[in-house]
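*Asks:* The hints should help you fit chain B onto chain A, whose structure is shown.
There are 2 protein chains.
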Amino acid sequence: MTDFAPALLTDHYELTMVSAALKDGTADRRCVFEIFARRLPTGRRYGVVAGTGRLAEMIRDFRFGAEEIAHLRRARVVDDETADWLAAYRFTGDIDGYAEGELFFPGSPILTVSGSFAECVVLETLALSVLNHDCAVAAAAARMVTAARGRAIIEMGSRRTHESAAVAAARAAYLAGFASTSNLAAGARYGIPTGGTAAHAFTLLHDDESAAFASQVAALGKDTTLLVDTYDIAQGIRNAIAVAGPELRAVRIDSGDLSILAQQSRELLDSLGATETKIIVSGDMDEYAIATLAAEPVDMYGAGTAVVTGSGAPTAGLVYKLVEVDGRPVVKRSENKATVGGRKTAIRRHKPTGTATEECVVSQGVPDHRPNDRLLQHAYVVGGEVVDLPTLQESRDHLRQCLISIPWEGLKLSAGDPAIPVTVIPAA
Amino acid sequence: MTDFAPALLTDHYELTMVSAALKDGTADRRCVFEIFARRLPTGRRYGVVAGTGRLAEMIRDFRFGAEEIAHLRRARVVDDETADWLAAYRFTGDIDGYAEGELFFPGSPILTVSGSFAECVVLETLALSVLNHDCAVAAAAARMVTAARGRAIIEMGSRRTHESAAVAAARAAYLAGFASTSNLAAGARYGIPTGGTAAHAFTLLHDDESAAFASQVAALGKDTTLLVDTYDIAQGIRNAIAVAGPELRAVRIDSGDLSILAQQSRELLDSLGATETKIIVSGDMDEYAIATLAAEPVDMYGAGTAVVTGSGAPTAGLVYKLVEVDGRPVVKRSENKATVGGRKTAIRRHKPTGTATEECVVSQGVPDHRPNDRLLQHAYVVGGEVVDLPTLQESRDHLRQCLISIPWEGLKLSAGDPAIPVTVIPAA
Numbered sequence: 000m001t002d003f004a005p006a007l008l009t010d011h012y013e014l015t016m017v018s019a020a021l022k023d024g025t026a027d028r029r030c031v032f033e034i035f036a037r038r039l040p041t042g043r044r045y046g047v048v049a050g051t052g053r054l055a056e057m058i059r060d061f062r063f064g065a066e067e068i069a070h071l072r073r074a075r076v077v078d079d080e081t082a083d084w085l086a087a088y089r090f091t092g093d094i095d096g097y098a099e100g101e102l103f104f105p106g107s108p109i110l111t112v113s114g115s116f117a118e119c120v121v122l123e124t125l126a127l128s129v130l131n132h133d134c135a136v137a138a139a140a141a142r143m144v145t146a147a148r149g150r151a152i153i154e155m156g157s158r159r160t161h162e163s164a165a166v167a168a169a170r171a172a173y174l175a176g177f178a179s180t181s182n183l184a185a186g187a188r189y190g191i192p193t194g195g196t197a198a199h200a201f202t203l204l205h206d207d208e209s210a211a212f213a214s215q216v217a218a219l220g221k222d223t224t225l226l227v228d229t230y231d232i233a234q235g236i237r238n239a240i241a242v243a244g245p246e247l248r249a250v251r252i253d254s255g256d257l258s259i260l261a262q263q264s265r266e267l268l269d270s271l272g273a274t275e276t277k278i279i280v281s282g283d284m285d286e287y288a289i290a291t292l293a294a295e296p297v298d299m300y301g302a303g304t305a306v307v308t309g310s311g312a313p314t315a316g317l318v319y320k321l322v323e324v325d326g327r328p329v330v331k332r333s334e335n336k337a338t339v340g341g342r343k344t345a346i347r348r349h350k351p352t353g354t355a356t357e358e359c360v361v362s363q364g365v366p367d368h369r370p371n372d373r374l375l376q377h378a379y380v381v382g383g384e385v386v387d388l389p390t391l392q393e394s395r396d397h398l399r400q401c402l403i404s405i406p407w408e409g410l411k412l413s414a415g416d417p418a419i420p421v422t423v424i425p426a427a
Numbered sequence: 000m001t002d003f004a005p006a007l008l009t010d011h012y013e014l015t016m017v018s019a020a021l022k023d024g025t026a027d028r029r030c031v032f033e034i035f036a037r038r039l040p041t042g043r044r045y046g047v048v049a050g051t052g053r054l055a056e057m058i059r060d061f062r063f064g065a066e067e068i069a070h071l072r073r074a075r076v077v078d079d080e081t082a083d084w085l086a087a088y089r090f091t092g093d094i095d096g097y098a099e100g101e102l103f104f105p106g107s108p109i110l111t112v113s114g115s116f117a118e119c120v121v122l123e124t125l126a127l128s129v130l131n132h133d134c135a136v137a138a139a140a141a142r143m144v145t146a147a148r149g150r151a152i153i154e155m156g157s158r159r160t161h162e163s164a165a166v167a168a169a170r171a172a173y174l175a176g177f178a179s180t181s182n183l184a185a186g187a188r189y190g191i192p193t194g195g196t197a198a199h200a201f202t203l204l205h206d207d208e209s210a211a212f213a214s215q216v217a218a219l220g221k222d223t224t225l226l227v228d229t230y231d232i233a234q235g236i237r238n239a240i241a242v243a244g245p246e247l248r249a250v251r252i253d254s255g256d257l258s259i260l261a262q263q264s265r266e267l268l269d270s271l272g273a274t275e276t277k278i279i280v281s282g283d284m285d286e287y288a289i290a291t292l293a294a295e296p297v298d299m300y301g302a303g304t305a306v307v308t309g310s311g312a313p314t315a316g317l318v319y320k321l322v323e324v325d326g327r328p329v330v331k332r333s334e335n336k337a338t339v340g341g342r343k344t345a346i347r348r349h350k351p352t353g354t355a356t357e358e359c360v361v362s363q364g365v366p367d368h369r370p371n372d373r374l375l376q377h378a379y380v381v382g383g384e385v386v387d388l389p390t391l392q393e394s395r396d397h398l399r400q401c402l403i404s405i406p407w408e409g410l411k412l413s414a415g416d417p418a419i420p421v422t423v424i425p426a427a
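So the protein lines, in turn, are chains A and B.
Numbers 0 to 427, taken from numbering that gives the first Met the number 0, label the letters of the first sequence in order.
Numbers 0 to 427, taken from numbering that gives the first Met the number 0, label the letters of the second sequence in order.
It is possible that some hints are incorrect.
Note that the list lumps identical chains together, so a pair holds whenever it fits in one copy or between two copies.
With a straight-line Cα cutoff of 25 Å, these simulated SDA-like cross-link-like pairs (lysine to any residue) come out [what the hints assert, rightly or not]:
#1 K277 / P296
#2 K221 / R75
#3 K411 / T304
#4 K277 / G220
#5 K411 / G311
#6 K22 / R248
#7 K22 / S209
#8 K350 / G364
#9 K221 / A74
#10 K221 / A82
#11 K411 / D283
#12 K350 / T422
#13 K277 / S209
#14 K22 / D206
#15 K277 / R75
Bear in mind the hints are in silico, worked out from the structure with no lab data behind them.
If we strip away everything but chain A, and leave its shape as in the complex, we get:
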């Protein structure tokens, strides 16, 4: 079992806060919590919203069952009154936020959760876990997609991350523009195209490389990818074409100096008449490695470790902060973490050409409307009911449009400032 009831994917202190708030009468105060990033990972120019659709489904199923409550009582996490409250729990408030596939910047209020204190506070850990993970993967994946300049990227990093995180990572990478994933659960759950043919083990299993290739072609046809770097790559390519003929769809190279190997492999394939056979490269691919191969005869990339671990930024740095109590803005004041209290409304401003110029975030008010503004927040949950959400494909298309809209410097891989500034205007 890899399963946990969503309601236990929660930090202990959320329930002790509920317990104390039930006793002192503050549990029902109307509260607004916001999720935002104080900063982007070092040098990153944008963040990508991902995971909110996944989160909305989990909030719909967020219940404390009899078994969970029995455990919490046994472990003395909660008292009787709190246990009763948990047993009756269902989220009845509202959740609004940026669409999946939307870009975000420091200060963007990407998710707003409103309701009673108690019903909102217990969602903190789950909401942050889902968004911190999925946004981290999506941002890394989006940079790789930009670097690939239209060539397809296959996500194959499941083995490098927690087994359930792998499924969410495949979803986030696909949202960010990856072409497919190796992960079968992601295919089953989210309808993402899956792909894969063979590992080095398959070649080693057989008496020789040609026998392995012949077996694979017999089973899968010539529209397959042969992995040619188990022994000697040039010989591997010759064996591949000898077995499959020049109609072979692709060869994959998983090791070595991929720039040189791609050139040599293309020349060799062409000399063998396999001019349409594609070259797929994999092995330690990140956005920089992909960019380095831009001029080489590579047709497709396989990316693993870097994408599922956020390419150096494995978590998105999002926080869940109480910003409003009974209509009154609240804010933690100590030590350079000053944020603006109050529920925020966010718009993104654009030039008439469609290029984004800034994000305007107003506390307890609405930004003045100008032409080419775009409202950034949408309903996810209304009165506890999850609304119809965009499909993964729609979110994918949305991100593509968003990336077109930011100033071109924003797409550079090099370290720099956020692509557009965010202006946060406190309540009057």
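*Replies:* Below, chain B without anything else, positioned relative to chain A:
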């Protein structure tokens, strides 16, 4: 739902390999796969085995159900023959490996999976996902525990990682010597002590800080931790002691220059007569931040992001390689990834004092026995049946002993070579 059938936590290519191997008759060849790391993360001196117990349970439940098979056929991942094979699948082979809590180094064969090619190859992704994640967290956590020099560390990073990964991370951190976790699912599933009291939101919810503290103390008693840095820390401490009296168990500081704040807070608490009140610090704690605070009057640390993301090394770099087919060693030869084929047997040698000196790994043979050797591999699964495994507490104790046994340089936080060398001896 956060659940996936373990059998779908698999890469597409594993099933295409099974399909081709079933057709060509190689599916039943007796194979040995090994999991090992070619190298440790940059500068690390040891790895920590974690997750194997979790993996063994998932292998016990590793079945392709009717729903999964229907999906795989619909998506044309498998043909009829393969679908039938999957429907009957259960692992019937053997799994041996290093104990949880054991140290490992480049080349250590930490898990050995043997059986038919087909039954072993489908476990590749799941085995690597579990071990790459859990080992990464455990290694980071072990370094933090060393840095903390006996002071307790609370794991509170759930919000910074995927929601299910958070539960596994709590387990790995506890195995590595953390005192407790914030994650309730980890408490329920693994019996790890959970803890937590209040967030800044709880203070902000109330009309003032003293009201929040009074509420918390009313609900939880004086044996609680008050978070004192929402507004002004010195005033927060005064309010805390005014409300709870000098019997207050602890105050927590989550922001600012923790060295100076710890000193000032200790002096202030002492001046208020709260000489027994503990100081807990949290906020961006990693092994280096913890080490920096060694001389300060800190009683306990809270660690989050760094531990759940492996403190710069979010994946352990473990690979799953076919090393033996029908008794014959096999090895991939291309491009600097040369490894030694054949099933390995591993022992660790020690001085008479108990200090480890080297690891000796022999392919298709047994290391010569010397006094103070320790055999490193144990049975996890025999003929498809999971054997009784050590408890999490036993694994925790084992790691503590292992860390005592390595040369003292091996415990330094600074970058360096692996604590002991691994000698791999090929088959004669």
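*Asks:* Check each numbered hint against the structure and report the violated ones by number, ascending.
*Replies:* none
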